[in-house]
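Trainee: One-letter residues, chain by chain:
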Amino acid sequence: MIRFVANRVLGMLIVLFLVCLFTFVIFFALSPDPAVQICGKNCTPEAIDQIRANLGVDQPFWTQFGTFLSGLFAGRAYGTGPNAIDCAAPCLGYSFQSSQAVTDMIVQRLPVSATVAIGAAVLWLLAGVAGGLLSAVREGRFADRFIAGLTLTGMSIPNYVLALSLQFLLVVTLGWLPFPQAVPFSEDPLQWFQNFLMPWIVLAIGMAAVYTRLTRANVIETLQENYVRTARAKGLSPGLVWRRHALRPALTPIVTIFGMDFAGLLGGALITETVFGLNGIGKMAADSITKNDQPVIMGVTLLAAFLVVVGNMVVDLLYTAIDPRVRVGSSA
Amino acid sequence: MTFTPTELEVEGAAGGEVVREGAPVPPPASGRRVARAFLRDRAAVACSVYIVLIVLMAVAAPLLVKISGYGPLEFDQDAVDPNLGGIPLGAAGGMGADHWFGVEPGNGRDIFARIVYGARVSMLIAISATLLTTALGVVFGLIAGYFGGRVDMVISRVMEFLMAFPALIFMIAVLSALPAENRQILLVLVISFFGWPYLARIVRGQTMSLKEREFVEAAKASGATSAQIIFKEILPNLASTIIVMTTLAVPGYVGTEAGLSFLGVGVVPPTPSWGQMIASSVPWYAVDPAYFLIPGAFLFLLVLSFTVLGDRIRKLLGEGTA
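Each protein sequence line maps, in turn, to chains V and P. In this text, residue positions in the first sequence follow full-length UniProt numbering: the first is 1, and each later residue adds one. In this text, residue positions in the second sequence follow full-length UniProt numbering: the first is 1, and each later residue adds one.
By construction, these hints were calculated from the structure, which means they are not laboratory data. Take the hints with a grain of salt, since some may be wrong.
Unchecked claim - EDC-like, lysine to aspartate or glutamate: derived pairs with alpha carbons at most 20 Å apart: (1) P:K315 with P:E74; (2) P:K315 with V:D144; (3) P:K232 with P:E217; (4) P:K66 with P:D41; (5) V:K291 with P:E181; (6) P:K232 with P:E212; (7) P:K315 with V:E221; (8) P:K220 with P:E233; (9) P:K315 with V:D104; (10) V:K291 with V:D104; (11) P:K211 with P:D152; (12) P:K211 with P:E233.
To be verified - Partial list, computed: chain V residues near chain P (C-beta under 7 Å): (13) I26; (14) F28; (15) Y160; (16) S186; (17) A304.
Note that the Cβ used here is the ideal one computed from N, Cα and C, for glycine as well.
Sequences and hints are given; from them, build the entire structure.
Mentor: Right, dumping it as structure tokens:
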């Protein structure tokens, strides 16, 4: 077991290193020269060279990558002398456009993104598992086919179309919800809740559809397993067979994807946050695309990759603890 | 995946359970029986009709625009009200005999013409990305599955690595860092780069089980080369899997392209794309809902049609793979 965990952690570290390298290569090779951006108009070539030297972007690739990596663990400073900008420990970069460290910008916006992600996750998990179970119980009957139609629709509707339609319907036409306004929870809990309601629903619908299909397929498949037949043959009551023999193995795979989906969402729901004007990590990334603020895009990319990779591993380890069959399978 | 969403968000469309790895390969179904069952399925026929219509629309775009009278890039200031900030004149976003689907608020470009030309862009990108992904996925999957050993290990690690990535945000990162020229080609390349492992994984699994079968052994014994075995013996048996996976991939790519264009890293204006049209309609959604509803409905129906079609084809080609 310890060897298995060690292997998984090592694998994760390698993937994370490669993610850093890959991201760095993309931005190293492709992004416009930050020195030119900082210098602005009326700039002499000498001034640009000076800024380059200060930033260290005149160094060879591996040196820069090394500085970047050590910045992640120990922090770093941009420039030298009294004007140096300090970037504390997990230094994901520095946005010269907004004169702020990317890490600080992310931390400021994390609560909004976390609220969006948690609310949506609760909704889609409940709806997905409930819908999937209902479909499986009523396999082939009206309820099953009705839910199948709903899931296909839910999977196909692009979330920005859904977001705009909901906003138009609920806010403009029916007036059930107020126009979204940024208010802290402590000031006006109702308005705060109403602000997040639509983003939660929009994000949850697409995911709930996927989870419904998965749950349905897993439950139906598990019910055909030999041990379920044995349990039935022993004369266990149908309810007990369901609870003890069918549900647990059928629902464990859901945990796996849930971890990854949730982690991915924590890194920012770009489209939903943008459409609803929620000031989270996703909106920050989307705005940075328009402003061409490369360090921010790079920082968010790294964060999202980190969350997904770590989430993936945590879930894998949990899963191994729940279902011993995985351990056997992975060592083979 | 997914815009995955790794699926952050847009990728969601590609989700759902897929063909299982290493599942027993069903015998190829007879073409005529499948065709007949397909024609009896009303939903599948309706979806195919819609897809064919969109393709025809995309192909005949210049002709259609000539009939409707306005090009996709033509401004028509007479159709909008300058006193109201450029809201289209007339009901439902300025729909009427002149502009069939109304006009864009602000500059008065004809929405019908932009939808028609947008279909071109969306379909071209989605279909090219699907072809490239399929080619890469099949080739790498076959090689990994057939040769096994070290080759398999390298390819499998690369696939795992690519699938562990949050694809959407990386696509955004790559596209935002790249220059804006040739965006459409770049979109296809970037989408395919992150998309091929999903097919390759399944092709690899099935190849591994197929290569143990008697007919492959027979071919080997009669002196066939590896290339002959892979392409003449194994590949034909993968046909139904590839068809299903391909049909299910298209809606994902349509959605991804629209999502990336929506975020401003896809197709560059003034070239129209459905996602980009919806993005530019966001500031106007309260006063001119037709502006987002029309491209939104076209996009939704296209994705839905491909998803339903893929689902139906999978059921028809053998319950075994589902």
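Trainee: Confirm or reject each hint.
Mentor: Hint check:
1. For a cut-off of 20 Å, the pair hint linking P:K315 to P:E74 is broken: about 46 Å separates their Cα positions.
2. With a C-alpha separation of about 16 Å, the suggested pairing of P:K315 with V:D144 holds against the 20 Å cut-off.
3. Distance check on the hinted pair: P:K232 and P:E217 sit about 13 Å apart at the alpha-carbon level, within 20 Å; holds.
4. For the hint pairing P:K66 with P:D41, the CA-to-CA distance comes to about 36 Å; that exceeds 20 Å, so the pair is violated.
5. With a C-alpha separation of about 18 Å, the suggested pairing of V:K291 with P:E181 holds against the 20 Å cut-off.
6. Between the alpha carbons of P:K232 and P:E212 the distance comes to roughly 15 Å, so the proposed pair stays at or under 20 Å and holds.
7. Taking the CA atoms of P:K315 and V:E221, the gap is near 16 Å; set against the 20 Å cutoff, the hint holds.
8. Between P:K220 and P:E233 the CA atoms are separated by roughly 10 Å; this keeps the pair inside 20 Å, and the hint holds.
9. For the suggested pair P:K315 and V:D104, the alpha carbons sit about 51 Å apart, so the restraint of at most 20 Å is broken.
10. Proximity of V:K291 to V:D104 is assessed by CA-CA distance (about 18 Å); at most 20 Å being required, the pair is judged to hold.
11. For the suggested pair P:K211 and P:D152, the alpha carbons sit about 14 Å apart, so the restraint of at most 20 Å is met.
12. Distance restraint check for P:K211 and P:E233: the Cα-Cα separation of roughly 9 Å lies within the 20 Å cut-off, and the hinted pair is therefore satisfied.
13. Look at V:I26: its Cβ gets to within about 6 Å of chain P, closer than 7 Å, so that hint holds up.
14. Taking 7 Å as the C-beta contact cut-off toward chain P, the hint placing V:F28 at the interface is violated, the least distance being around 10 Å.
15. Hint on V:Y160 holds. Least Cβ distance to chain P is approximately 6 Å, under the 7 Å limit.
16. Hint on V:S186 is violated. Least Cβ distance to chain P is approximately 29 Å, over the 7 Å limit.
17. Hint status for V:A304: holds, given a least beta-carbon distance of 4 Å to chain P, under 7 Å.
Hint compliance for this structure: hints 1, 4, 9, 14, 16 are broken, all remaining hints hold.
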